[in-house]
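> Sequence:
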Amino acid sequence: MSRATAASGAADARRGTTAMRRASNAMGLAPFAIYVLAMFALPTALVVSSAFRGASGEWTIANFAIFRRPGVAAAFVNSLWLSALTAAIGAILGALVCYALLGCKESGAVRRLADAAASTLSQFGGVMLAFAFIATLGNQGMVTLFLRDTMHLDIYEHGVWLYTPIGLVLPYVFFQMPLMIVTFYPAMARLPRHLSEAVAILGASAGCFWRHVGIPMLLPSFMSGFLLLFANAFSAYATAAALISQGSQIAPLQVRAALISETGLGSQGASGALAVGMLAIMTLVVCLYAVIDRKASSWLR
Numbered sequence: 078m079s080r081a082t083a084a085s086g087a088a089d090a091r092r093g094t095t096a097m098r099r100a101s102n103a104m105g106l107a108p109f110a111i112y113v114l115a116m117f118a119l120p121t122a123l124v125v126s127s128a129f130r131g132a133s134g135e136w137t138i139a140n141f142a143i144f145r146r147p148g149v150a151a152a153f154v155n156s157l158w159l160s161a162l163t164a165a166i167g168a169i170l171g172a173l174v175c176y177a178l179l180g181c182k183e184s185g186a187v188r189r190l191a192d193a194a195a196s197t198l199s200q201f202g203g204v205m206l207a208f209a210f211i212a213t214l215g216n217q218g219m220v221t222l223f224l225r226d227t228m229h230l231d232i233y234e235h236g237v238w239l240y241t242p243i244g245l246v247l248p249y250v251f252f253q254m255p256l257m258i259v260t261f262y263p264a265m266a267r268l269p270r271h272l273s274e275a276v277a278i279l280g281a282s283a284g285c286f287w288r289h290v291g292i293p294m295l296l297p298s299f300m301s302g303f304l305l306l307f308a309n310a311f312s313a314y315a316t317a318a319a320l321i322s323q324g325s326q327i328a329p330l331q332v333r334a335a336l337i338s339e340t341g342l343g344s345q346g347a348s349g350a351l352a353v354g355m356l357a358i359m360t361l362v363v364c365l366y367a368v369i370d371r372k373a374s375s376w377l378r
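In short: position in the sequence shown from 1, add 77, done, that's the working numbering.
Honestly, the hints are just simulated from the structure, not real lab data.
Some clues are possibly wrong.
Ranges between beta-carbon positions, derived for each pair [claimed, not checked]:
| hint | residue 1 | residue 2 | range |
| --- | --- | --- | --- |
| 1 | TRP158 | PRO120 | 21 to 31 Å |
| 2 | MET205 | LEU296 | 30 to 40 Å |
| 3 | GLN345 | LEU224 | 38 to 48 Å |
| 4 | ARG270 | PHE223 | 37 to 47 Å |
| 5 | GLU183 | GLY284 | 24 to 34 Å |
Heads up, the beta-carbon is just placed ideally off N, CA and C, and yes, glycines get one too.
Take these sequences, add in the hints, and give me the full structure.
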């Protein structure tokens, strides 16, 4: 009887310890949960709510008629191809840099410099990046004047493309490629080296290894990085707002135009409807990213 009582007491003590541990973990996650609620969930709910509210507060879907206005659909198309193009260029260039870094020593100067540069440049955007490109490639930029005066090459002979969606490709790639290096290198570094040794023992070449083993194993990580870059470019605002001062040629600038329009063409409800359109695309991208990232994590452990 005493043994049963002792066993029951021990079980109760274990359950109590487990409950206290769970409560402690919940308390530890409370600040993060509050942050997510205040900075993500609540603003998203307000945006979605405003999209279905009329000027007098009634529920309506009339705000979504803004998608029929001239230029709105073209702005979303511009955002989609711009995001896809810069994500593809940044992902490919970033993957090539990651491959080159595999040959560097883990604690070497080149590796440390590359890590520091990638971490810094991946966050270098907004007005500072726009100013850097204006000072370098603008009408009177340093590189523009050098090419015009020294090499007699006018890069704007057929129009000033820097202040159009085409001109956003270079600034976006500038921060897309470092972001790919930061996100993709850990996956490439986890690629088991004994696989390449086994392929070499069997008499196959390095190209055969990458074509049949390395690339298929890294493809999920590469695609998750591509989707992350796509989402990063699709939601970018400050760089485009600083470079494109005329018109609203991409989706984020359409949201701005709907908010600050002084001609009566925009409203809070219309901007909310545009934001809901962007949220729908971003939600799809994030879901695809989660699925592919889970596959990549299961392949490279």
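> Does each hint fit the structure? Answer for all of them.
Now for the hints, and whether the structure bears them out:
no., hint, result
1, TRP158 to PRO120: 21 to 31 Å, "28 Å, holds"
2, MET205 to LEU296: 30 to 40 Å, "34 Å, holds"
3, GLN345 to LEU224: 38 to 48 Å, "46 Å, holds"
4, ARG270 to PHE223: 37 to 47 Å, "45 Å, holds"
5, GLU183 to GLY284: 24 to 34 Å, "25 Å, holds"
Of the numbered hints listed earlier, not one is contradicted by the structure.
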